[in-house]
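K.L.:
With the hints as your guide, set chain C onto chain U.
Protein chains: 2
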Amino acid sequence: MSKRLEPSEIEERLAQLQGWEFVDNFIIKSFTFKDFKEAFSAMTRIAFECEKMNHHPNWENVYNTLVIKLSTHDAGGVTEKDFKLAQTIETIFTS
Amino acid sequence: MSKRLEPSEIEERLAQLQGWEFVDNFIIKSFTFKDFKEAFSAMTRIAFECEKMNHHPNWENVYNTLVIKLSTHDAGGVTEKDFKLAQTIETIFTS
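Here the protein sequences line up with chains U and C, keeping their order. Going by this note's numbering, the first sequence opens with residue 11, and the numbers climb by one from there. Going by this note's numbering, the second sequence opens with residue 11, and the numbers climb by one from there.
Chain U extracted, bound-state conformation (with noise of 0.2 Å):
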């Protein structure tokens, strides 16, 4: 079971992250791609991850664009894994 962090923690680990801010106990990014079938494509490379991880994020599509929220339910904040998450995220758009 993961512990939430503190803010204090938080914000040192978003420092090694490129985007992603620590708002409303959730770390979040917002993401523009070329069009609709991008955007779906890169959720679709991120689900995968997610349901392998065991961790799902809460995300809104508006055509181009997506807004990823991550969060620890059972913890009530952001934990490690939270930003496991996000560091593979950031891999599957830099890969």
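It is possible that some hints are incorrect.
Any copy will do: because identical chains look the same in the list, a pair fits if it lies in one copy or spans two.
Claimed, not checked - Below are the DSS-like pairs computed for lysine-lysine, each with C-alpha atoms no more than 27 Å apart in a straight line:
(1) LYS91 / LYS44
(2) LYS13 / LYS47
(3) LYS79 / LYS94
(4) LYS47 / LYS94
(5) LYS91 / LYS13
These are calculated hints, taken from the structure and not from any lab test.
P.N.:
Only chain C this time, still in chain U's reference frame:
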């Protein structure tokens, strides 16, 4: 180009659909699935239809839940295109 429908026209068409509501200039429905895999599989089927129709939803997924909001950006409101897509989504779920 689709014409924005009047609220009375929207209500009339909603009466022919199961579980859709008119809220904040969108027609909206929430779906619940067994798990994330089922939810995302449904999204994938919907995504292909949207791409074919060139009409895309605002949608939000959290684990096994999916909220779909339809509106026609260019028309500034709900049009026949949204009802056509809602009908297609219903057909996917009942197939």
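K.L.:
Checking each numbered hint in turn, tell me which of them this model violates, lowest number first.
P.N.:
none
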